[in-house]
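Visitor: Chain by chain, the residues:
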Amino acid sequence: MKKTILRIENVSKIYGETVVLKDISLEVKEGDNVVLIGPSGTGKSTLLRCINQLTSIDSGRIWLDDQEITAPGVNHDKVRQHIGMVFQDFLLFNHLTALDNVMVGPVRVLGMSKEDARKKALWELERVGLADRAGHYPGQLSGGQKQRVAIARALAMDPRIMLFDEPTSALDPELIGEVLEVMAKLAKEGMTMVVVTHEMGFAREVADSIVFMEKGLVVEEGAPNDIFYRPKFERTRAFLWKITELYGEHDKDAPRKEDEE
Amino acid sequence: MAFLDIVVYILKGIGVTVAVTLIALPLGLVIGVLLALVRIYGGRVFSQVAGVYSTVMRGLPPIVLLFILYFIIAGSINISPFWAGSISLAIISSSYQMEIFRGAVLSVGEGQEMAARAIGMSRIQTIRYIILPQAMRLAIPPWSNEAATVVKDSSLVYALGVAEVLRRAQFVGARTYKPLMAFGIAALIYFGLVYLTSFALSELERKTRIPAF
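Protein chains in written order, with the numbering used here: chain A, 706 to 966; chain B, 1419 to 1631.
Isolated chain A, as found in the complex (with noise of 0.2 Å):
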């Protein structure tokens, strides 16, 4: 039995009269890669953002590994240092380097020493591919590049589980790749992610499981093979053809397990 990071249990949350999400439960096990999939609105992103305590939740719990995070006195910068979080726009510290965005939180969070943070954030952009770009300020960057450099920022805190919020679609499609390979790249590792993506050949190659939501609510959560190829709701097959139709021409670009090895 794979040990469980993550588990979520009956998490609810609410904006004014709109649920955003709905009784959701969701468990991540060690070294599982976790696709959210979903028409945009469903409240995707605010999991993730109620995942990493940057939203509070109305009701519900949350585990991480053995720690209920969302018990009262629990300190949420300390939760947040062991969950790493990508998002669509990038964010980079527009002020830093590259190699001092990905410094920043092992020196200031961790308090390790510059010269072994800079070790460290070298390793880290080397494991994206970016090691000759350290310098380079965030303006001096590619998307990929950029959110590649996000990546290894979040990588530098050694977190338990990374999650990816959209990563890939603030993209030029040319760019789209670079980005799903590092991902493919940690998956294949052993990093335990949740993924919200509309990139379906990164679901499909990638995902050890997918989860369909739908307004505010989990439809249905199964293998690639299973939800793609032998959906139970119709919902699920609707939004999978729409999706398919709208972001087929993705799916070429696509990592495949043949261009990994």
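Source of the hints: derived by calculation from the structure; they are not laboratory data. All C-beta atoms in this analysis are idealised placements derived from N, C-alpha and C, irrespective of residue type, glycine included. Just so you know, not all the hints are guaranteed correct.
Said to hold, decoys possible - These stretches of chain A come out as covered by chain B in the derived footprint (C-beta under 8 Å, 3 or more residues):
(1) 796-807
(2) 831-845
To be verified - A few chain B residues that don't get close to chain A, going by computed Cβ distances all over 12 Å:
(3) F1485
(4) S1494
(5) I1495
(6) W1501
(7) G1521
(8) V1526
(9) M1532
(10) M1539
(11) R1541
(12) Q1543
(13) Y1547
(14) L1550
(15) Q1552
(16) A1592
(17) L1619
(18) I1628
Claimed, not checked - Derived CB-CB ranges, DEER-like:
(19) A:S764 to B:L1478: 38 to 44 Å
(20) B:L1478 to A:D771: 56 to 62 Å
(21) A:G746 to B:P1560: 34 to 40 Å
Given chain A, put chain B in place with the hints provided.
Guide: Okay, now just chain B, sitting in the frame of chain A:
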């Protein structure tokens, strides 16, 4: 009194003018930054108090405020007009600087804050290492405007009897019956100081610019 003697007499006030400015500007900066942070992050009550402070202070003529603050400060502690005037100017300037830094902090954007919190930084760390370094850079152009204002407003302490450039110009102009020449010299001195300040700050802006941002 020859022309040169008048010039020299007025020039002796530069030290005081510069000193008043060098007290009022940095002190106003510290108060202004703190108030801007309180206004943005301080929670409802403190934020509103800071907002009222800003509205009231910016709604009054500096000279009126200077007198009021001077009599409050000089009335409660034993302090020279020079210090009381400089501190008063700092307080006046802080309300304008607060708005400059508030705008700068807000234009850094919520995304930067969210990204910093996401790697586990506390709110204080986020402000210190992520928000302020960017906000300070954004604030330089509007701040250089305020710096010019404070250089010029330092002449207001003349009303408290502090022997700075304007005070000395007025005195020597009255004594030699050459007020136009005296005030003209004072004007040139103020212009020179403002020009230097603006130049120094545009250099600072250039040197601290983030590449390709």
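Visitor: Next step is simple, just say for each hint if it's right about the structure.
Guide: Hint check results:
no.	hint	in the structure
1	796-807	holds (count 5)
2	831-845	holds (count 4)
3	F1485	holds, 42 Å
4	S1494	holds, 41 Å
5	I1495	holds, 40 Å
6	W1501	holds, 36 Å
7	G1521	holds, 17 Å
8	V1526	violated, 8 Å
9	M1532	violated, 6 Å
10	M1539	violated, 6 Å
11	R1541	violated, 8 Å
12	Q1543	violated, 6 Å
13	Y1547	violated, 6 Å
14	L1550	violated, 10 Å
15	Q1552	violated, 5 Å
16	A1592	holds, 53 Å
17	L1619	holds, 18 Å
18	I1628	violated, 5 Å
19	A:S764 to B:L1478: 38 to 44 Å	violated, 50 Å
20	B:L1478 to A:D771: 56 to 62 Å	holds, 60 Å
21	A:G746 to B:P1560: 34 to 40 Å	holds, 38 Å
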